[in-house]
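Chains as they are written, first to last, in the working numbering: chain S, 1 to 174; chain G, 1 to 432.
Hints are computed from structural coordinates only; laboratory data are not their basis.
Watch out, some of these pointers could steer you wrong.
[Claimed, not checked] Coverage of chain S stretches by chain G, computed from C-beta distances (three or more under 8 Å per stretch; other residues unrestricted):
| # | segment |
| --- | --- |
| 1 | 56-64 |
| 2 | 69-82 |
| 3 | 144-158 |
[As the list claims (entries may be wrong)] Derived SDA-like pairs: lysine to any residue, alpha-carbon spacing no greater than 25 Å straight-line:
| # | chain 1 | residue 1 | chain 2 | residue 2 |
| --- | --- | --- | --- | --- |
| 4 | S | Lys2 | S | Glu46 |
| 5 | S | Lys25 | G | Ala68 |
| 6 | G | Lys15 | S | Phe10 |
| 7 | S | Lys32 | G | Lys342 |
| 8 | G | Lys49 | S | Asp157 |
| 9 | G | Lys157 | G | Tyr265 |
| 10 | G | Lys72 | S | Ile30 |
| 11 | G | Lys57 | G | Arg97 |
| 12 | G | Lys57 | S | Glu168 |
| 13 | G | Lys23 | S | Ala172 |
| 14 | S | Lys25 | G | Asp70 |
| 15 | G | Lys342 | G | Gly109 |
| 16 | G | Lys72 | S | Tyr26 |
| 17 | G | Lys23 | S | Asn152 |
| 18 | S | Lys32 | G | Ile79 |
| 19 | G | Lys203 | G | Glu350 |
| 20 | G | Lys187 | G | Glu155 |
| 21 | S | Lys25 | G | Glu155 |
| 22 | G | Lys157 | S | Ser14 |
| 23 | G | Lys327 | G | Gly351 |
| 24 | G | Lys399 | S | Asp157 |
| 25 | G | Lys23 | S | Ile30 |
| 26 | S | Lys2 | G | Lys49 |
| 27 | G | Lys399 | S | Phe10 |
| 28 | G | Lys399 | G | Glu350 |
| 29 | S | Lys32 | G | Lys78 |
| 30 | G | Lys182 | G | Arg47 |
| 31 | S | Lys44 | S | Asn152 |
| 32 | G | Lys187 | S | Ala163 |
| 33 | S | Lys25 | G | Lys327 |
| 34 | G | Lys419 | G | Gly275 |
| 35 | S | Lys2 | S | Glu162 |
| 36 | S | Lys44 | G | Arg290 |
| 37 | S | Lys32 | G | Glu350 |
| 38 | G | Lys78 | S | Ser31 |
Where is the CB? At the ideal position from N, CA and C, for every residue including glycine.
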Amino acid sequence: MKKFGGKVLFLDRSDINTDEIIPAKYLTEISKEALQPHMLEDLKLEGFDPQGAEAREAEVIVTRANFGCGSSREHAPWVFEVNDINVVIASSFARIFRQNMFNCGMLAIELSEEDISALFEFRDDDGAIDIDFKNNSLTITSGKGSRTFMYNISEFDRALVEAGGWLEFADARY
Amino acid sequence: MAMTLAEKIFRSHLKDEPFPGTKVLDIDVVMCHEITTPIAINDLVARGKDRVFNPEKIKAVIDHVTPAKDTKTAIQGKIVRDWAGRHDIRDFFDIGRNGVCHAIFPEKGFIRPGYTVIMGDSHTCTHGAFGAFAAGVGTTDLEVGILKGVCAFREPKTIRININGKAPEVVYAKDIILRIIKELTVKGATDAVLEFRGDAVSKMSMESRMTLCNMAIEAGGTSGVCMPDEVTVDYLWPFISSEYKSREDAMEDFRRWWSDEGCEYAKVLDIDIAGMEPQVTFGYKPDEVRDISEMEGTPVDQIYIGSCTNGRLEDLRIAAQYLKGRKIASAVRGIVSPATPKVFRDADEEGIIKIFMDAGFCVTNPTCGACLGMSNGVIAPGEVCASTTNRNFNGRMGKGGMVHLMSPASAAAAAVEGKITNPERLRKEGIS
Ligand code: SF4
Chain S
1 MKKFGGKVLF LDRSDINTDE IIPAKYLTEI SKEALQPHML EDLKLEGFDP
51 QGAEAREAEV IVTRANFGCG SSREHAPWVF EVNDINVVIA SSFARIFRQN
101 MFNCGMLAIE LSEEDISALF EFRDDDGAID IDFKNNSLTI TSGKGSRTFM
151 YNISEFDRAL VEAGGWLEFA DARY
Chain G
1 MAMTLAEKIF RSHLKDEPFP GTKVLDIDVV MCHEITTPIA INDLVARGKD
51 RVFNPEKIKA VIDHVTPAKD TKTAIQGKIV RDWAGRHDIR DFFDIGRNGV
101 CHAIFPEKGF IRPGYTVIMG DSHTCTHGAF GAFAAGVGTT DLEVGILKGV
151 CAFREPKTIR ININGKAPEV VYAKDIILRI IKELTVKGAT DAVLEFRGDA
201 VSKMSMESRM TLCNMAIEAG GTSGVCMPDE VTVDYLWPFI SSEYKSREDA
251 MEDFRRWWSD EGCEYAKVLD IDIAGMEPQV TFGYKPDEVR DISEMEGTPV
301 DQIYIGSCTN GRLEDLRIAA QYLKGRKIAS AVRGIVSPAT PKVFRDADEE
351 GIIKIFMDAG FCVTNPTCGA CLGMSNGVIA PGEVCASTTN RNFNGRMGKG
401 GMVHLMSPAS AAAAAVEGKI TNPERLRKEG IS
């Protein structure tokens, strides 16, 4: 299983699409590693710096609704993976992105809009999230305190994470 | 029990249900292109699993950047080409025979009602126009599809969209789907199949139905679908005439996929298109849509007519109607990319290519090209493109550029005037 949890990158916007996560011009790469410098390069978000410390040190992303809409490119989860971000927490995901995350053995966690807003309350320079995968819970800790949230994932998504991804799961079963 | 078309396809293709709510389906067609497939191929090779489940059910094309523009894109093409060769994938379309995936695969007769179709491309929903369940997937799903011929889905709910009324002559399928996306929003159909019904859809050509279904993903939809009817039978007849005694027979068979009376919809949306205006996007999301009269006069630098949304013969014909005998404005650049070699050839034989060239358009070979800002018409920062494609995302056609999505008719009108213009105006002056 992958390592889940760590410093948080807060992206306070809905409908962030996969072109913003990794622009199409980098889709000519045939290795995941080559994507590494280009994470969130075209993100339209006031004050966001793709090369800044918050983005570069992050291991978890917290964002709003419909994250990962648009293109089916798995380069979007990959660019996170090669930047050591294995968890995205949002109030909702686009279907293909969500599936791609689990297919890579990564975590796409859905929380209610209220819980997402509560997570944003903890935003400061030191925000970090611990994931207790076994118990379906996550804990945010920052200069503003600490709080634990419960989440749901389907049995299938859990099995994919445990197997290391869909290829491993499918190859063993079919 | 009354079932939707999608539920019927799920039931008939169910291979496994590893957990409640997770359906693993047998896949009828796995489609591949050179952007998302090479990494799947390389991974299979690295794992010592360089195999395909059935070469006849795999279709491949080089379409996004063709001819290759640099070493990297040449390598992507080579990986797919070599792989198709060593696995005897006969339906592989290389340069000279290649076109935009979602245009060329239906044109070759690869899609049938009731099929399950996946591709590593979000606009795979296009193929639902034939009454198939067609879903875009990522590279890992594609990889498993290639190796095992299966794919996992949550059972989709269906949103029914009734499109009724007679639209004004300047309103086309593209305008209707933009209006629907505006209504649903970019996440309104997540995990749902969009079922397009109603009078207006029954009267539409397969090309127009593909335009509708193509943009289902822009509302988050898994697949768009239309009920397979006589129009579907006629389109497919050259490919199925040996399988059925008559067209009526084929219709009878297709009919079994129709959503049953009384089936359960997550939502029903009624769209009245009578009196509707052409629609145009204004922002960076495909649900940011306005009536064209609110956008009129917006200057544009480039016009792009093409893509899996609007690069078919019908689309080129429509644009040419407005362009015939006219010239594009001196300050704009016009680019048209016929979506397939057949579209190109037919358009040429009909004199449409000449109309575009006489008007001042550049005609490119069939490719995705500028649609995703990879080649053939990338725009500069600050530039504006009137485009018949499907995404106006920030940077989509070039970093710092702005894209306004519209129909081929509206794009042609923008070309002539150099700014966003209701094609109605040209219609009044006279069109061919
Ligand atoms: S034409 Fe555009 S949207 Fe369609 S498959 Fe090509 S890149 Fe994707």
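Hints versus structure:
1. 56-64: It is violated, with 0 qualifying residues against the three required.
2. 69-82: holds (count 7)
3. 144-158: holds (count 3)
4. Lys2/S <-> Glu46/S: Distance ~31 Å between Lys2/S and Glu46/S Cα, so the pair is violated.
5. Lys25/S <-> Ala68/G: 13 Å, holds
6. Lys15/G <-> Phe10/S: 40 Å, violated
7. Lys32/S <-> Lys342/G: The given pair, whose Cα atoms are some 36 Å apart, is violated under the 25 Å limit.
8. Lys49/G <-> Asp157/S: Cα-Cα ~24 Å, so holds.
9. Lys157/G <-> Tyr265/G: 7 Å, holds
10. Lys72/G <-> Ile30/S: With Cα atoms ~8 Å apart, Lys72/G and Ile30/S stay inside 25 Å; holds.
11. Lys57/G <-> Arg97/G: 19 Å, holds
12. Lys57/G <-> Glu168/S: Distance ~23 Å between Lys57/G and Glu168/S Cα, so the pair holds.
13. Lys23/G <-> Ala172/S: Satisfied, since the Cα-Cα distance of roughly 17 Å is no more than 25 Å.
14. Lys25/S <-> Asp70/G: 12 Å, holds
15. Lys342/G <-> Gly109/G: Given pair Lys342/G, Gly109/G holds - Cα atoms ~13 Å apart, limit 25 Å.
16. Lys72/G <-> Tyr26/S: It holds: about 10 Å lies between the C-alpha atoms, which stays within 25 Å.
17. Lys23/G <-> Asn152/S: Holds, at roughly 19 Å.
18. Lys32/S <-> Ile79/G: 16 Å, holds
19. Lys203/G <-> Glu350/G: Judged against 25 Å, a Cα distance of about 24 Å means the pair holds.
20. Lys187/G <-> Glu155/G: 18 Å, holds
21. Lys25/S <-> Glu155/G: Violated, at roughly 34 Å.
22. Lys157/G <-> Ser14/S: 23 Å, holds
23. Lys327/G <-> Gly351/G: Distance ~16 Å between Lys327/G and Gly351/G Cα, so the pair holds.
24. Lys399/G <-> Asp157/S: Not satisfied, since the Cα-Cα distance of roughly 35 Å exceeds 25 Å.
25. Lys23/G <-> Ile30/S: 31 Å, violated
26. Lys2/S <-> Lys49/G: 23 Å, holds
27. Lys399/G <-> Phe10/S: 24 Å, holds
28. Lys399/G <-> Glu350/G: Judged against 25 Å, a Cα distance of about 37 Å means the pair is violated.
29. Lys32/S <-> Lys78/G: 19 Å, holds
30. Lys182/G <-> Arg47/G: 44 Å, violated
31. Lys44/S <-> Asn152/S: 30 Å, violated
32. Lys187/G <-> Ala163/S: Roughly 30 Å between the alpha carbons, so the hint for Lys187/G and Ala163/S is violated.
33. Lys25/S <-> Lys327/G: Violated, because 33 Å separates the two Cα atoms, which is more than 25 Å.
34. Lys419/G <-> Gly275/G: 23 Å, holds
35. Lys2/S <-> Glu162/S: At roughly 9 Å apart (the allowed maximum being 25 Å), Glu162/S and Lys2/S satisfy the hint.
36. Lys44/S <-> Arg290/G: Given pair Lys44/S, Arg290/G holds - Cα atoms ~22 Å apart, limit 25 Å.
37. Lys32/S <-> Glu350/G: Not satisfied, since the Cα-Cα distance of roughly 46 Å exceeds 25 Å.
38. Lys78/G <-> Ser31/S: Holds, because 15 Å separates the two Cα atoms, which is no more than 25 Å.
In terms of the numbered hints stated before, the structure departs from hints 1, 4, 6, 7, 21, 24, 25, 28, 30, 31, 32, 33 and 37, listed from lowest to highest.
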